[in-house]
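Chain A is fixed; fit chains B and C onto it per the hints.
Protein chains in written order, with the numbering used here: chain A, 1 to 494; chain B, 1001 to 1112; chain C, 2001 to 2777.
For the record, the hints were derived by calculation from the structure and aren't laboratory data.
Do not rely on the hints blindly, as some may be mistaken.
[Stated by the list, open to error] Below, a list of computed lysine-lysine pairs in the BS3-like style, where the Cα atoms sit at most 25 Å apart: (1) A:LYS154 x B:LYS1105; (2) A:LYS28 x A:LYS444; (3) B:LYS1096 x A:LYS104; (4) A:LYS154 x C:LYS2769; (5) C:LYS2020 x A:LYS435; (6) B:LYS1050 x C:LYS2719; (7) A:LYS359 x A:LYS444; (8) A:LYS359 x C:LYS2560; (9) A:LYS104 x C:LYS2769; (10) A:LYS99 x C:LYS2769.
Here is what each chain is made of, one letter per residue.
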Amino acid sequence: MISNLAVLPIVIPLIAGVLAALFHKKLKVVRIYSQVLTLINTAVVTYILFYVHQNGSVVLESGDWMAPFGIVLVADMLSVALVLTTNIVAIACVFYAPKSLDEKQEEFYFYTFYFLLITGVSGAFITGDLFNLFVFFEVLLMASYGLIVLGGGKVQLRESIKYVLINLFSSMLFVTTIAFLYSVVGTVNMAQIAERVGEVEQTGILTTIAIMLFFVFGTKAALFPLYYWLPRPYIAPNPVISALFGALLTKVGVYSLIRVFSLIFVHERDVTHEFFVWIAALTLIFGAIGALSTNNIKLVVAYNIIPAVGFMLLGIGVYNSTGFTGAIYYLINDMIIKAALFLLVGAIAYLAGTSDLRKMRGLIHHYPLLGWLFFISAFVLAGIPPFSGFIGKLILLQGAMEANHIVVAIIGLASSLLILLSVIRIFIRGFWGEKDESIIPDKKAARGFALPVAFLLFFSVLLGVGAEWFYPSIEGIGEYLMNPQNYIESVLKE
Amino acid sequence: MEIIMSILAGVLFTTGVYNLLQKQMLRIIIGTALISHGAHLFILTMGELKRGAPPILEDGIENYADPLPQALILTSIVISFGVTSLLLVLAYRASKENGTDNMDKLRGSEND
Amino acid sequence: MLFAVFLPVLLAIFIPFFSKWKEKIHTGYFVLLAPLAVFIYFIPNLGNNFTPISQSYSWIPSLNIGLDFYLDGLSLLFVLLISGIGSLVTLYSIFYLHTSERLDQFYVYLLLFMTAMFGVVLSDNVFVLYGFWELTSISSFLLIGYWNYKERSRYGALKSMLITVFGGLSMFGGFILLSIITETTSIQAMIAQADVILSSDYFGLILALILLGAFTKSAQFPFHIWLPDAMEAPTPVSAYLHSATMVKAGIFLVARFTPIFSGNEWFFVFVSGIGILTLVWGSYMAVRQTDLKGILAFSTISQLGMIMAMLGFGTKAAIFAAVFHILNHATFKGSLFMIAGIVDHETGTRDIRRLGGLVTLMPISATLAFFGTFSMASVPFPFLNGFYSKEMFFTTSLELHDHSMWISQVLSQAIPYLAVFGSIFTFVYSMYLVFGTFMGEKKLDQLPVKPHEAPIGMLISPIILIVGVVVIGLFPNLVNGSFIAHTAEAIYGSPVEKDIYYWHGFETPFIMSLIVVGVGIFLAFFRKNWSSIYSFFPGKLSFNKVYDFLLDQSEKTSAKITNSYMNGSIRRYMALILIAILVCTFTVLAITDGFAWDTSNLAKITVHEVLIAIVMAVAAVSTIFIRNKVGAILILGVVGYGLALLFVVYRAPDLALTQLVVETITVALFLLCFYHLPNLRERTESGSQKAVNLVISIAFGALMTVVAISAHSTKLFDKISDYFLKTSYKLGGGDNVVNVILVDMRGIDTLFEIVVLGIAALAIYGLIKLRNKKEAE
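So that you can see chain A by itself, here it is in the shape it has in the complex (with noise of 0.2 Å):
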């Protein structure tokens, strides 16, 4: 189907952050106009995915330019289901965020920069040209960039920098690796390298260069052994911030690696994704140890993303539509579980008056909604059921034992225990216990903060209690990523 559906998840949020720009200063009008435009941005993507559902995939070809020669965009199910998901996420954060800043760093425009984060976020899930998709990393990054600095002082400031170098290095990579590519396949359009890249069986140079655009994707998706740079600046901004990096930043590196890997290089897979598969071994361990391996609630959070997407890579290493079915499950889940629990955590260290663990006790007597929703999201993490975590997981570990990889499900089950540990003992120190009299409760605030979270945690409920009304359109598209045939008449319909 053609249709220009295929741009409003983008085009809403550019004109929405640009618009808010010129008000910044009014922070009453700008924060309802932020939720409303978020409300239609995510209405008119709902609309979208009940569309691709009945009629396929939608393919815009920009300014005519048919494809491959000009920029195509094209929504299938796998690229709405996250722009979704990333408006459910940024509805939470948006409504979070008036309660969590403060007005200085609203004004200074928190909400442009908010709204060109999902605009580069959607944009990456949604366009077809591996040089776009650079484009869009770098409309992502550049917003990022400017809310981690946002009104920062020393620690903030210097965690950016740190964070600002790596994506800068990981981008220039990125783009010399295209440059590669270009050379030896004549196109930058994805489905048209995918066609390629088929034709000649992925032979010579292009497997090098499918391992060189994993570690770019992997950079940025935080996979081991480059995640290093991730934990420490996510947690230097506020909560608001650090849940919209936690949900959806390193989730387009995933998708990236999804697409790429299921799309284009999937004619050696004894090198690639085999080697995938104990990577994401590797991830999920180190991932959890690191978990565990700080008292820093905030941390703990943070350092819970790499075994997350050692999780997805598994999928994807595993390579059969089960595989992917629980990656594109397990994304969708951790996207909405990370932005609580960053979210939770930040409520939490704002009430208590810091994020070290060994200083809190007794927070369940002040603030028991709070606590009842960390215990429920410490489960969806860790994939007790019946929430999203355990679909996932579930389905992800079954992909992992049809192929045979029977090792690494164990470590990913292992890997689930020292996940559960590492958040249960946040709930056990900080809530359990006596009440700390000293303490005057901030009700208000805590209510605040928790609405989002619950609204998040819904979702979470929903996905894993009600997985009848998701899982067979996921199962669609795990079984879609399968045949990437799909997706390349759907853009060149030769």
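Chains B and C in isolation, oriented as in the chain A frame:
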């Protein structure tokens, strides 16, 4: 010539990476700038060099240089410029705020 | 059945409302409705002509996850235990828990647990079973942590959860494998394919994974360590979860999968071996305890081991005895826990060293305790049910299957002796428990509270259970054909008919019983004289220490590992990332034979280009050595302008212009920003550091060059740019193809490139402005 250009770009990457591995902020940023130059040179080289006229259409000329890499480089140059500018200001602010431009003194600890 | 399973949770929703009236009417009365209703709902299934019932409710059919309930003899026994004991415990808790406690939380957790437990025993779907299984761990965690202001309580809660969730996850792995092999998620359908499973390559793994789940949940050696610490929970919870129901979930699981697994000899080795070891260890350690609930906890461990061992035997008689003992154990152990709770409640302590002589003050409790402990010790009276099952245990331990593996043969030989040994200590701790508490001299001055008999409400539940002990003891066949025979049949796979007798004649099992009683009396009487043995064995050895060590190390070692590389140094991170890229990419290049070298399609080498290249290379290299910041920036400029020159040479006029402008602004910016910063210093790193950096950088540059040359040498397809050249004027309306590409064909790139610049501008503005404001404040 492409091989020489590839080697030159490789040298730019080498020096860029070496600078990136230094302590001082200014050197690191110089490193990133060198890497960008290297990347752009790679793109240009990948499009084949000197295979015809500049891609500005004129009657009677059949062969032109590959225009696509040029377009990509242009986009990339502008983006790199944006990032480098931001990085510069950020580095300046970060070193002022922290009182040092030595990245090894900017490691931080668990609970700050 | 759906409603029965979820009734407790539905009720739990209303508990917060009921608890508002807790001063007038204890919340427990409302809660009582749930287990009682379930009990009454299932009781009509008892009878001689029972047939299994299954009911299915759709949930996630596309994942083969459905609420498929299956009621056979095995699940019926457990459902009745859970609901029956659940009713009694709830009743007991009404008198045990004062209304000043947070009753709403307690009962919500308790109801949550009931649903979870019903789910475990009724689910036929492995994944649903797993879900309920984890829910039992979670509700147990919450109940143990009910008094979470106590350090021990938090410790116990975490311990029980970690160990049981560990087992749960392992079991989950086993279930996934099973479901892949059999292509079904129904346990009954799996049983039908037992031969497929037994002949699978993964059978050993499946067995190990699922047994790990069962052993952790049922507190089998060496995972038993969580159970004693779980005693921090309020006593009704200990009586219910940690004695009668949840800990038997592991037993249930083994029983459920016996039809599949018992065909393999390793099943016997693991289940009976671990079971008998648990029996011995639990009873031996029980004598060492001083806390009443501690004794009971180890006693439970040991009894669970005994049941597990019998399931491992796998003979018809053994399975029957195991089932019988599940029922008996629930009766006497449940009542004993309640009495321990009464003693605690009325005297203020559970420390057996401070108790004694309570029989005159608490005559009813004492009587009940005598019945309970004598049954547990299996004193050969015809009115105590414990004796029957214990003697069956001895009998079956002598009649094991023939085994072929040497390890199972050795085990078969040892089992009867170990059984007697464990039972002797069972006898000893039973006597120690009851005599230490109720007989001997009174130590009233050591008690925090002046003791008296418990209120009648609190006594009802233990009385009912002890009546059960006696009735089953007097008329054991009452529960036989109509009840436990069905259970045994469900496990064994074919009808099990067996009469239960008191007197079997003067045979080996009876001699074993006599030995137990004789040696037991002797040891119990002289307990003080030999109890110093515990300081030799196990002495300070303890599996708790292993757990504590692991838990402690999980944080410390993680911190050590993580801090060893996550040191915040961007240089270190970059170096590690680069090394990873280098190693992997070079390896792939080598194994895929990706390197290519083709000189046929190259532009001519000209002198002025080479000169530019040399100048650029020299300039780039000298950035490393220069120490003047202005100089460095200017040299960087040389590289940039050199690139612009190359753009001119290589027919890219637009690029050259852009590069010139950008380079000029960048250099200006560099100078501006670094005007205030210190000059470049000498590079101070060590020689080895320098060498490493040098190797990394050269290798990386080389990698890029090699890949570039290879990529250039393997041009496999026509470029799409030919199309641009053809259509630029016709369709794009412009002569300058690059420009047409930028604004038309790839307009989106350009649009967002501008967006990037815009964001950068705003971010820079924010960086500068926001600071000024802060400083102004």
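Legend entry - Hint check against the structure, violated hint numbers in rising order: none
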